[in-house]
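J.: These are the residues of each chain, in order.
2 protein chains.
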Amino acid sequence: MHTAAFLRLISPEEPQKFANVHKIFGASNVTKLLNELLPHQREDAVNSLAYEAEARVRDPVYGCVSAISFLQRQVERLQKELDAANADLIRIACNDIQAAGLQPPPAAPPTHGGGAAAAGGWLGR
Amino acid sequence: MHTAAFLRLISPEEPQKFANVHKIFGASNVTKLLNELLPHQREDAVNSLAYEAEARVRDPVYGCVSAISFLQRQVERLQKELDAANADLIRIACNDIQAAGLQPPPAAPPTHGGGAAAAGGWLGR
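Residue numbers (full-length UniProt numbering), protein chains in the order written: chain A, 1 to 125; chain B, 1 to 125.
With the rest of the complex left out, here is chain A (with noise of 0.2 Å):
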């Protein structure tokens, strides 16, 4: 593949995202990762490396790592409130059990998902 053939794999309508691409990781360097990918991934591939090239491109100093940081940290906030919430809801359940004059069940009443999900940890900075 050339990069004749890259530049096709980018809308001629898209002036910006060739670009992008260009100045970030530089045309011949775009082509040779290319060439080793299979063809059916190269279009997948240009998409992703014009997502990257223009968020490096807005932000020079974090690119695309800025995004995953945002998104870590709405991970970590909403597994925080669903436990909370979770936890409000274990709480009220027990509350009308021993209000009923029962036992509580040996195991927890289900909850809405949480707990095991892995938030974090992408970024290993």
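So these bits of chain A aren't anywhere near chain B, every CB distance computed over 10 Å: (1) LEU9; (2) GLU13; (3) PHE18; (4) ALA19; (5) ARG58; (6) ILE97.
Derived lysine-lysine pairs resembling DSBU-like cross-links, with alpha carbons at most 30 Å apart: (7) LYS17/B to LYS32/A; (8) LYS32/A to LYS32/B; (9) LYS32/A to LYS17/A; (10) LYS23/B to LYS17/A; (11) LYS32/A to LYS23/B; (12) LYS17/B to LYS32/B; (13) LYS23/A to LYS32/B; (14) LYS23/A to LYS23/B; (15) LYS17/A to LYS17/B; (16) LYS32/B to LYS17/A; (17) LYS23/A to LYS17/B.
Here are the simulated distance ranges between beta carbons: (18) LYS80/B to ILE90/A: 18 to 28 Å; (19) ARG73/B to LEU38/A: 21 to 31 Å; (20) ALA19/A to GLN41/B: 14 to 24 Å; (21) ILE90/A to ASP44/B: 38 to 48 Å; (22) ALA27/B to VAL57/A: 15 to 25 Å; (23) ILE90/A to GLN98/B: 18 to 28 Å; (24) ALA100/A to CYS94/B: 11 to 21 Å; (25) ASN35/A to ASP44/B: 23 to 33 Å.
Simulated from the structure, these hints should not be mistaken for laboratory data. In this text, all values refer to a predicted model and were calculated from it rather than measured experimentally. Here a beta-carbon is modelled for each residue, glycine too, at the ideal position from N, C-alpha and C.
Go by the hints and put chain B onto chain A.
T.: Showing chain B alone in chain A's frame:
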């Protein structure tokens, strides 16, 4: 800043880190990029470039964009679970109010976060 100075920003104990950045972005592209930054921003930039480069070496098709997709799906799933847990808490609170023969309050009872978080939308592919 010359390529030698860029090299110094990557610890000599991390030859693989340098090799990845060199392979994916090219030393001259990175040097150009770093020269457009303020000196105190360069170490963070090198670290984020090294993170992206390592992700691209591990996954040449999607690079760190796969981490973004994974985290976006995680955020969407957690947001749905949190919405469901909050809906349960609201239903229980309304039932308690009705059981006590009171009028429900004009505003919904406090719930755990959620609802307003903008899940997804990062990846405009």
